[in-house]
Amino acid sequence: MFLCQYACILSLYSCFLRHARSRNYVSESEVCKLESVPLDFGDYHPLKPITVTESKTKKMNRKGSTSSTSSSSSSSMLDPLSSVLDGTDPLSLFAAAADPVTTTATMDSTRKKRDKDDSPAVGSDFEPWSSKRGEILARYTTTEKLSINLYMGSEKGKAATTGSAVSEKVRTRLEELDDLEEGSQKELLNLTQQDYMNRIEELNQSLKDAWSSDQKVKALKIVIQCSKLLSDTTVIQFYPSKFVLITDILDTFGKLVYERIQSMCVDNRVSLPDNFSPECVNDTAKETCLNWFFKIASIRELIPRFYVEAAILKCNKFLSKTGISECLPRLTSMIRGIGDPLVAVYARAYLCRVGMEVAPQLKESLNKNFFDFLLTFKQIHGDTVQNQLIVQCVEIPLYLTLYSPAIDWILQCIAYRAPEILLTEMMERCKKLGNNALLLNSVMSAFRAEFIAARSMDFIGMIKECDESGFPKHLLFRSLGLNLALADPPENDCLQILNEAWKVITKLKNPQDYINCAEVWVEYTCRHFTKREVNTVLADVIKHMTPDRAFEDAYPQLQSIIQKVITYIYDFSLLFSVEKFLPFLDMFQKESVRVEVCKCIMESFIKHQQESTKDPVILNALLHICKTMHDSVNALTLEDEKRMLAALINGFIKMVSFGRDFEQQLSFYVEARSTFCNLEPVLVQLIHSVNQLAMETRKVMKGNHSRKTAAFVRACVAFCFITIPSLSSIFTRLNLYLHSGQVALANQCLSQADAFFKAAVSLVPEVPKMISVDGKMRPSDAFLLEFLCNFFSTLLVVPDHPEQGVLFLVRGLLNVIQDYTWEDNSDDKIRIYTNVLHLLSAMTQEAYIYHVDKVDSNDTLYGGDSKFLAEINKLCETVIAQILDHLKTLGKEETLKRQSQLALYFFNTILAHGDLRNNKLNQLSVNLWNLAQKHGFADTKTMVKTLEYIKRRSNQPEMSHFTDLALRLPLQSRT
Amino acid sequence: MTEKAKKPSRSNRFSHCCLPIQIINSTIEMVKPGKLPSGKTEIPFEFPLHMKGNKVLYETYHGVFVNIQYTLRCDMRRSLLAKDLTKTCEFIVHSLSQKGKPMPSPVDFTITPETLQNVKERASLPKFLIRGHLSSTNCIITQPLTGELVVENADAAVKSIELQLVRVETCGCAEGYARDATEIQNIQIADGDVCRGLPIPIYMVFPRLFTCPTLETTNFKVEFEVNIVVLLHDDHLITENFPLKLCRM
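These protein sequence lines map, in sequence, to chains C and L. Take 1 as the starting number for the first sequence in my numbering and just add one per residue. Take 1 as the starting number for the second sequence in my numbering and just add one per residue.
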């Protein structure tokens, strides 16, 4: 039965093409065109850009509310994306998370809470500790070996050494608190800095673990032991970093205790409001809180007692309203007991930090802290400190810089929204003390930039008076420069300030000191002066950094200088007229840095250059820079890196335009090709650019090439033709061949176009089964299918070569498809064949559906010659035979579904392109219809729709035979 | 079923002379004999603390030699076949606040090599001058001990300054009396070579449980003292002693 049906189908195929439906494309398009609706531009349009106004993301983050804050410009619609994302796009969410206000708190909930608490007095303009900590950790490092002494065991061993007045037996009892785990005494020696940091992080983790496993006492012990480490000043240059690490632990602890007590206050599942008063706190919570304070009050040693109490300062809120305001002054004066000035100043910094967080309105203790510090300032030069420095072999200037982070922080807290008078007073106080450079530096880094900038000349005067032996002077100039980069000094002083400062800077002997200063002052120079001054400064830097190849150690600074210069001078013709700019670039001799700098410059160029340019200075310089980038590419370069470099170079190429001078443009492209031959994306861009150039020429000539332009266009085509084979990606090559072929055709270069198409045809067999897409291996058939369809569409208008046979290219391509090794169980080949039928039916029409301007396609060439039609028919027969053969092979159980689909596809093709008035063809289609339904794999909906379509078509003129057809097509119900 | 409450006792174990003295003992019956309903049963009870004879009700206190302890014992007597059940627990007695405010009694002090007693070689001592004051030696037990201390000058570097709270227990009986001091808390108020001339706060919270209002009875005494201990870098140890009087307000 089946066999008989196939036989029947087979016997019918030959009649198909003879009866290709003749089409009148113009009238058809009239009928099928969508009804055009006048567009009112005031109305909303789905593709119209939507302005999503983002109300401050910070608020969102804090409240975690679910209400969307986005509003689109057209009220009638809501952007589905933004509604899904709750109004906050993920990027701004990340940005909000990285917002400096939100501290590095590990837990989200606490971050929100803390934010809320901070908001009344500390705004986002307060630079938070979290942004300082990284800086400190990076700056204060050591290569010396560190040690951690954690006396987690009983303190017996220590008793003798501490020499305190406590009798042995009592000690055991009192310092039970100090035991972490009974009998475990840890002394870790010879740790590198990294080991040390890891250890501290481990302690932080074990604190959290102990807390979560309800071992509160152990947690307290850990914290006490950690804060004890802060009394140890061996390896003093690491002390600031140690402070940062350990106070992190203290912060964690403070937060844990606070949250615990807060959670005890939850009554009837209603947690405390944020501004609760102590009366709302129940007795159990208060008792627990008191217990903590009693426990801490009995810690023997001063420094741990201070730090741990400061860490849970916030918990005073549970006990009384005035608790914090009473505690802060007491803790402040408690620090007076700390003998080591460095340890003391960091303790003060911690207290200020906690104070600012918990009760920013209490300014007095901040001030008192600073004044107390000034009182103890003389200690720095006392014997105890000096002896210690000698033992540790640390120089005084280095030692003084250790104070900076702490003093900076204290002053920053004081200066925050402080009245001008207070700042003036602080400054006066600092002035009075001898060797005030350290303080001066902190004043400059902590006070408002405007305040400093307005008094720049005073500061320069003070800096000059400073003692040479103390705090390094170049740091002072650096701090001043940083302020001036942020705020403007009085206009009249501008030049004098630069002169005074540079006079000192240029005398700095040590290249590192020099470059650190210069880096900062370059910004000031760029900001206020013209290219002449910038040039002078750059020249000075070159002069200082060239001897002994000093620049080798200063790449980051030099890089930052370049960055600053291009931020301020982004007019590239101006930039390259700064004579020393290119010589400055020559100092980057390490290739990786050099490429980085080039990238920066190119990024800036792409960002700022609005119009295309042909300025030879810019072109030369940038070509040189791009070449540097290109030449850095080698076998080891990462794909990403290559892509980035290529994108930058492409950005440059796109910006180059010689206007109407097309020949110059082409020669630029030729030069670029030879320069950037290693970056494929650049070559691709060049091919596109040249193609565009050819089309531009065509446009200028309005399609009628003169002798000269024709030759030029052929040169363009030749450029493409010889460039494409050097690309490695096969699909890029295929598409470029096709594209360039189309361009050649459009420019009436017929033989060149033929060459492109031939090249494409001969390339198809090389298409691999799998290709790599975004780093993943994917089957290539979908790409190939797409390309081939595109190719066939182009081939419709390509006129036959007079010396080759009819449809030479189509045949060639069909042969290639025939021989190509397709995936075993895929129908792609047959789909392509079916598509070829579309092409062939289009080719038999009297007038083709589209043409290339000024190119005669086969319709004109052959004028419907019967021999030509016969050729096409022959091709059709072959193709249909192939299709039907394939349908037959799909008759197996597991392939029936595919058979049904293909049959339907083929049926649709006949329906669209065949002339169904022919009985045999009609029969074929009915057979296909039945075949599609035969095994119940056809989608009923599709079948119904198709049938409806046929019925609708039958109403149109000349389509009445569809009525009969519809009657002959039975619908098979699923059952 | 009955519940028997209270068997408080004061033990005074000190040299062999003093045996525990019971100062209070009372028993009440909580539930009449009978059956308890199954499940959890809570039985409220209360009783006044009546002293034996003319004894005084002291605050709970745990010392080394003197212990004042009150315990509550609940017995459940059961039928012949089942064992009786007993549970004991301690309860804390705080005396009512004393009437009237204690007179503040500030003390100023100056410590120099000359003011020191029991020094063997006064000449070998480094020179120093430490001044200071305690806000009051009459202290309320819930309030911290406060004061200030200034190291005016010292030839040797200061290593540490500590406050040592000492409890003195005295037991008297027929054979005479015995006295013993124990340190109960040590608080460091200065660490390292402190700045000269800068007042350092003296501040100490009295530890709960280890302290009680100063107690003076016919049989025993519990008193407190604070020592200011200055430790110099050459391991010289300077101690200044101040007796305290603690009370509850």
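In short, the hints are calculated from the structure, not lab data. Wrong hints could be hidden among the right ones.
Claimed, not checked - Restricting the straight-line Cα-Cα distance to at most 25 Å, the calculated cross-link-like pairs of lysine-lysine (DSS-like) are:
#, chain 1, residue 1, chain 2, residue 2
1, C, 295, L, 245
2, C, 758, C, 829
3, C, 607, C, 531
4, C, 378, L, 245
5, L, 221, L, 55
6, C, 776, C, 758
What the hints assert, rightly or not - Beyond 12 Å from chain C on every Cβ pair, some chain L residues (computed):
#, residue
7, 33
8, 55
9, 65
10, 110
11, 125
12, 140
13, 160
14, 162
15, 172
16, 191
17, 193
18, 210
19, 233
20, 247
Even for Gly, the Cβ is constructed at its ideal location relative to N, Cα and C.
Do the hints match the structure? See the list:
For a cut-off of 25 Å, the pair hint linking residue 295 of chain C to residue 245 of chain L stands: about 23 Å separates their Cα positions. As the CA atoms of residue 758 of chain C and residue 829 of chain C are separated by approximately 20 Å, the hinted pair is consistent with the 25 Å bound. With a C-alpha separation of about 21 Å, the suggested pairing of residue 607 of chain C with residue 531 of chain C holds against the 25 Å cut-off. Taken as a hint, the residue 378 of chain C and residue 245 of chain L pair is broken in the structure, with Cα atoms around 40 Å apart against an allowance of 25 Å.
This hinted pair checks out: residue 221 of chain L and residue 55 of chain L have alpha carbons roughly 15 Å apart, not beyond 25 Å. A hinted pair counts as satisfied when its Cα atoms are at most 25 Å apart, and residue 776 of chain C with residue 758 of chain C does not qualify at roughly 30 Å. Annotated as non-interface, residue 33 of chain L keeps its C-beta farther than 12 Å from every C-beta of chain C; the closest such distance is 37 Å. Against the 12 Å criterion, residue 55 of chain L stays outside the reach of chain C, whose nearest CB is about 31 Å from its own CB.
Distance check on residue 65 of chain L: its Cβ is at least 14 Å (rounded) from any Cβ of chain C, clearing the 12 Å threshold; non-interface status holds. Listed as a non-interface residue, residue 110 of chain L keeps its Cβ farther than 12 Å from every Cβ of chain C; the least gap is roughly 19 Å. The Cβ of residue 125 of chain L lies farther than 12 Å from every Cβ of chain C, with a closest approach of about 17 Å, so its non-interface assignment holds. The claim that residue 140 of chain L lies off the interface holds: its Cβ sits roughly 16 Å from the closest Cβ of chain C, which is beyond the 12 Å cut-off.
Remark: the non-interface label on residue 160 of chain L conflicts with the geometry, its nearest Cβ contact in chain C lying 6 Å away (cut-off 12 Å). A Cβ of chain C approaches the Cβ of residue 162 of chain L within 12 Å, the least distance being about 6 Å, so the stated non-interface status is violated. Residue 172 of chain L, annotated as away from the interface, keeps every beta carbon of chain C farther than 12 Å; the closest lies near 25 Å. The beta carbon of residue 191 of chain L sits about 5 Å from the closest Cβ of chain C, which is not more than 12 Å, so the claim that it is off the interface is violated.
A Cβ of chain C approaches the Cβ of residue 193 of chain L within 12 Å, the least distance being about 4 Å, so the stated non-interface status is violated. The beta carbon of residue 210 of chain L is not kept farther than 12 Å from every beta carbon of chain C, the shortest such distance being approximately 9 Å. Non-interface status of residue 233 of chain L relative to chain C is broken: a Cβ of that chain comes within 12 Å, the nearest being about 9 Å off. Residue 247 of chain L, annotated as away from the interface, keeps every beta carbon of chain C farther than 12 Å; the closest lies near 19 Å.
Hints 4, 6, 13, 14, 16, 17, 18, 19 from the list above are not met by this structure, while the remaining hints are.
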